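**Q** Each chain, written out:
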Amino acid sequence: MTERFMVTQAPVLIDSRTEEADGVVTLRFDWDAPASPGQFIMVWMPGVDEVPMSLSYLGDHKGITVKNVGEATKALTSLQVGDRIIVRGPYGRGYHVPKGKILAVGGGTGMASLLPAMERITATSVDTAIGARTEKELLFEERSKKTSSNVRVSTDDGSKGFHGNAVQLAKEMMSATKYDMVLGCGPEKMLFFLHKLCLENGIPCQMSLERYMKCGGGLCGSCAIDGKRVCREGPVFTGEELKDMKEFGRQRRDECGGRLRL
Amino acid sequence: MISLKVDLAGVEMENPTMLASGIMGETGGSLLAMAKGGAGALVTKSIGSVPRQGHKNPTLVELEFGYMNAMGLPNPGIEAFGEEMFEASKAGIPIVGSVFGSSAEEFASLARRMQEYGAEAVELNLSCPHAKGYGMEMGIDPDVVANIIREVKKAVVVPVFAKLTPNTHRLIDVAKAAEEAGADAIVAINTLKAMRIDVDARMPVLSNRYGGLSGPAVRGVGVRCVYELYEALKIPVIGVGGIEDWRSALEYMMAGAVAVQIGSGVGRVGPQVFGDVCSGISAYMADNGFRDITQLVGVAHD
Ligand SMILES: Cc1cc2nc3c(=O)[nH]c(=O)nc-3n(C[C@H](O)[C@H](O)[C@H](O)COP(=O)(O)OP(=O)(O)OC[C@H]3O[C@@H](n4cnc5c(N)ncnc54)[C@H](O)[C@@H]3O)c2cc1C
Ligand SMILES: Cc1cc2nc3c(=O)[nH]c(=O)nc-3n(C[C@H](O)[C@H](O)[C@H](O)COP(=O)(O)O)c2cc1C
Ligand code: FES
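In order, the protein sequences belong to chains Z and C.
According to this note's numbering, the first sequence is numbered sequentially starting from 200.
According to this note's numbering, the second sequence is numbered sequentially starting from 295.
Calculated from the structure, these hints are not laboratory results.
Quick caveat: nothing in here was measured; it's all calculated off a predicted structure.
There is no bait here: all hints are sound.
Short derived list, chain Z residues pointing at chain C, Cβ under 8 Å:
#, residue
1, V206
2, D248
3, R287
4, G415
5, G416
6, G417
7, C419
8, A423
9, C455
10, G456
11, G457
Even glycine gets a Cβ: it sits at the ideal position worked out from N, Cα and C.
In isolation and in its complexed conformation, chain Z is listed as follows:
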């Protein structure tokens, strides 16, 4: 028998809501679908929209961490304990959880996708660089400290930690420590320069990308990057795969499939 991709769609009840930072909310719910680090789900709010969200907690008590950037995420971040959402998935290929000394680099809500991977690695072997524009937007510093013995923070405005961006911080950390693998998730410009840095230093890496997703299920092609489906072959790609991509860091597509410069 040929293997078939099958997912489930289920209503789930929000049983906890945590404000993580300015405009960023974590919602937790019981859902026992098997999932691995780096995978995402499609979250449907009936009457509003359905959007992709990384799983920020795995296991039977799952979670998503949402940043309010528009209509759908405003509705999601306004949900309260006792509200229902309908989820389908999980989708995509996540991180291959590596061995050795790891550096995790997260910008924006990127930490949401990285933490479940970090939590599968012993704390002493993972270092973390978290980037934010300003201290108020800083995400998951405390949770990272539980899974990583060395957590560093960068802010663009210097309000906390290293004054600069997460890639500059990662560069500094790389010069002090020899890493076997870098995991990255965040804005694509950040990933683009992080990837470059990893190549220059000969460190293998895996990065999680985002593209406009309609079906989420590997059919419509709206999420295509260089012919690969971010929803199926991704969202996590290896440094080697990224090296061959002409669109990585340069181009994404709008809802119609038209090309947009990054």
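Once you have looked at the hints, place chain C with the ligands on chain Z.
**A** Then chain C with the ligands, alone, in the frame of chain Z:
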């Protein structure tokens, strides 16, 4: 030597599997990826005159035996699509340009552009069940379909394929009208109009409410349509609907399809579905003493 080569109304293909319209057909890169999967030809996403966002999410429901979708024909518009066609042409296999319009003139001008972009054939989407003002409403009327085909035939020299909807009892009338108007092949079937209601939300899941059912769930309908079309027509029929392995592909060919298209199978199996189907058919032919795939077309008829 076993030959899977087919000549589809003048389009020469190394094997009878084609990518169906609307699946991974919106970008040059994704079309190239499907060619790598082993397809004999590629049909593009249906392209219109201007950019179109399509329907709001949810646009897809996953079912045990297929999908229900209401994408709503999102596409970057014919102008921007030239760049994608140029990239896709590097695949070195025939590209079929699928187009949709709201009038015969619009179909004709889109088809002409596709021909300019290097399409070896054009496929007219006369059958989308969930985009208002396009497709199905026109595709169930034999006179309207005949008129569109005549206009397109005047505008292009490449073969013209008419893709029909199964959502009518007049399928054969429409197909015959298309044949008389000069269509070079018939593609059947598009999705079956369908709906999914979520009992927790107590409303239809798809934002468009209605969608189109595809995948193995519709295969029995597709095979029946192809069987009937093969008896009624002289022009070739291309079978599509629920094909995801060599058995289901052969079922269509034995019903009379000269070639087959695969859409949902790309989601349920992966891009390698094309190559898998071809090697399965080759093995079947070797085991049963066939040398040329065309020997199997229509064998299920007496
Ligand atoms: C694999 C993946 C994982 C993601 N994980 C998270 C996460 O953990 N936390 C989080 O806060 N956000 C995450 N996002 C981004 C999130 O999906 C978008 O922020 C959200 O869809 C915006 O919707 P909106 O209506 O609020 O904003 P809009 O005003 O509609 O758009 C704001 C921005 O979000 C983008 N966007 C809108 N709709 C989609 C869509 N269907 N697919 C992809 N991008 C879209 C737009 O291109 C635009 O740049 C993820 C995206 C992807 C693809
Ligand atoms: C997500 C999706 C998008 C589609 N878009 C189009 C389209 O743009 N034009 C078209 O002619 N058919 C479109 N179709 C219909 C398919 O080409 C095909 O006729 C149908 O899905 C049955 O084949 P399948 O079971 O192999 O998917 C689409 C189908 C799906 C599932
Ligand atoms: S969102 Fe990836 S193929 Fe539709």
